[in-house]
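This is what each chain is made of:
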Amino acid sequence: MGPGARPAAARPGVDPRAVDMSTRLGTLALPDPVLTASGCAAAGRELAPFVDLHRIGAVVTKSIMLQPRSGRPTPRMAETPSGMLNSIGLQGPGVEAFIAKDLRWLRERGIRTVVSIAGGTVGEYQKLAQRLRHEPGISAIEVNISCPNVESRGQVFACDPFSSASVVGVVRRHTPPDVPVLAKLSPDVTDIVAIAKSVREAGADGVSMINTLLGMVIDPDTMRPMLGGMTGGLSGPAIRPVAVRAVWQVHAVLPDLPILGMGGIRTGRDAFEFLLAGASAVSVGTAVFNDPHALARISTELRVLLAQRGIARSSDAVGLGHVMQARHVQAQAARRSAQEEAPR
Amino acid sequence: MPSQVLAEVVGLRRTGAYHHMTLLAPGIPEATRPGHFVAIAVGGEGSGMLLRRAFSIHRATAAGPAGGTVEIVFAVHGTGTRWLADRRRGDKLDVIGPLGRPFTLPRQPVACVLVAGGYGAAPLFTLSEQLRARGCRVDMVLGAASEDRLYGVLEAKRSSASVTVTTDDGSAGIRGRVTDPLAEIIRAAGADVVYACGPMPMLAAVARVAAEQGAHSQCAVEEAMACGIGVCMTCVLPVRGRDGVTRMVRSCTEGPVFRGTDVRWEDVGTVPPDTLGAPVAGGH
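Order-wise, the sequence lines are chains V and A. For what it's worth, this note's numbering labels the leading residue of the first sequence as 3, then goes sequentially. For what it's worth, this note's numbering labels the leading residue of the second sequence as -3, then goes sequentially.
Calculated from the structure, these hints are not laboratory results. Each hint should be verified, as a subset may be incorrect.
Label-pair distances were calculated between CB atoms; the ranges are [said to hold, decoys possible]:
#1 112(V) - 44(A): 31 to 39 Å
#2 153(A) - 83(V): 44 to 52 Å
#3 266(A) - 254(V): 40 to 48 Å
#4 195(A) - 83(V): 26 to 34 Å
#5 240(A) - 110(V): 29 to 37 Å
#6 157(A) - 218(V): 47 to 55 Å
#7 157(A) - 54(V): 47 to 55 Å
#8 262(A) - 196(V): 45 to 53 Å
#9 255(V) - 39(A): 34 to 42 Å
#10 240(A) - 257(V): 51 to 59 Å
#11 262(A) - 83(V): 34 to 42 Å
#12 262(A) - 103(V): 28 to 36 Å
#13 83(V) - 128(A): 42 to 50 Å
#14 44(A) - 178(V): 42 to 50 Å
Interface residues of chain V toward chain A, partial, derived using beta-carbon atoms under 10 Å [said to hold, decoys possible]:
#15 76
#16 78
#17 86
#18 95
#19 230
#20 292
Yeah, the Cβ is synthetic: ideal placement off N, Cα and C, and Gly gets one too.
Excised from the complex, chain V in its bound form:
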C-alpha cells in the first residue's frame, strides 16, 4: 500500500471468508502467511494429527546439518515467564537421512517445505546446498546462521556482517535460482540492520527474524545453571517485542526485502503486529508446544482481524504500521503548524 492510499482502517469491514490470505516471500507464493518455525515442528509429521499441513503457509523444518548430531545433554529446557529456554543443540539425523525420510514424507504429500540448514563452517553450508539443490519439493532454503546452541555461542555467523554474507552468498550460489534463500538472523547483535544489509548484498532473497535470544537460568536448589548446555535460547511471547522491533527496523531501511517474522507469536493479533512491522509472512514456534493447533487458529484469528479492519488482502497489511506512523507524524505536524499560524 502506497502512502497515498486510503487508510485501511477507514474502510468498511469485509467478510472474513473473502480476505485473501496469500502472500509472497520473494519468488515464493504462499496461500497463507502462517508457517511453522524451525525447530518447533520437527519435520512436520508429528503435527499432522493436529493441523492440516497443506493449508498452512509451509512447514519450516528443524535445521538440518551434514552429519547426524546428538544434540546436548538434558535438561534441555526450562520454563521462564511467558517463554522458555532451550538447549537442544541442533539434534538431527543428518542431511542424507533427512532427504530419505523427512523430505520424502513431505514431498509425497505435496506439503510446501522450507528446509532450514545449519553448519559449523562455510564449507558445510556449501555442501548442504549442493546436496539439496537437485532435490525436488523444496520451496525455499532458510539458512540458520544464528542458532545460539552451538559450541562457539556468541560467535555465531549472524553476529558478524562478513561471516553472515559469506555463508549466505555460498548458499545462494549453490541453490537453484527459483528457490528463495532466507537468512535467519539473530537478535543478539548491536545493529541487526547492518547484518540484514550484508546478507541482502550477498544474495539473500529475504530474512527470517528472529532466532532465540541467548539466556540462562540458575536453579536456586542446585545453585548451578539449570540447562545441561548451561546457556540456551529464549523463545515465546516474552521475546515478541524484541522481534517486532527487529522487523520494524529492517523493513524501515530495506522495505523491499521480504521478511519472515517470528518470535513469540501466539495469536492472530500477534501475527498482525508482525505484518504491520513489515513481515510478509510469520512463523509460529513455541506456541505450538502449548497448542499444536496454533497455526490454524492463528491464521483464522488473523483473517477475522483483517476483515474487521477492512483489509481485504493480508499482503496489504505488510509494513502498514510504517505508513500509519508516517501519517500520524504528518497529521501532528499539520496540527502544530495550523496552531502556530492561527491568529491569537
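Got chain V; can you put chain A on it based on the hints?
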C-alpha cells in the same frame, strides 16, 4: 492418533500426598492403552506458563454416562501442578492424548511383577487388569520415600497375587528400596516380565535386577517434556537401538515405555561419547 480436546474436570480429590483428577475427555479414553499419557496445558488461556505438563493415564473409561473419562494422579511440584490442583469441578482443560508408546503385553500367560515408585503406580492398575485378563499372575511392589507418598496399596492388594511395600524411612512395609526385595519376588513368582514406572534411578535399578534374574523389563520413564507430541526434542535419553547404535531418543514419541535393557541408565543426563552424532571434542 492423539487428539486435542477441551476436557471437563468431573472429579478432583486428595489421595495421600497426591491429587487424583477425573476428566471428561471425549475421544481420548477410546484409544488409550496402559502406559499412554496425556499432556495438559496449565494456567488457563493466555497463561505465561507455555509448556504442557505430562501425566500418565491412571485409568481410561470409554463408556461414561456423558462420554469417556481419563483419570490422572499427580503431585504438586511447582506453579503448573499447583494450578491444576486448584481446579474445580466443571472447569475446562486443554488435553492432548493418548500419547506415547504403551506397555507391550506378553502373548503367553506368564508371571509378571509390577514395580512402582510413588505415584508411578498410577498407570499400573489397568495394566494389571489386562495382564490378569490374559491369565498372567501379577505381583506388585510399591515403594516411596514415606507412607503418605505410597499410591494405590489397597487397590494393589485387591488385584495382585502379592503386594510388597517398601519405604525409605520404614513408615510402612519394608524399610528400603523397591529393588531390595525384587529379586526374591521375581524368583518366587517365576516372573518373566517386570513392568516399572517411577523415577529414573529406580528404573535403572529395576532394569538391572530384572536382567540379573533373566526377566524382561519394560520401564515407563518420567522425563521433563515441553510439548509431549514429539516436536520440541527436550525429553531425550540415550537408548541403544536394535542395530546396537545409541541415539538420543524422545521419551514422548519413542517412549515413555522402553525395554529396560535398551536404555543406558547410567548415562541418562549425558550424551555418551559413542552416541550417533556425539560431539567430537568439547561439546556442542
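Can you name, in rising order, the numbers of the hints this structure does not satisfy?
none
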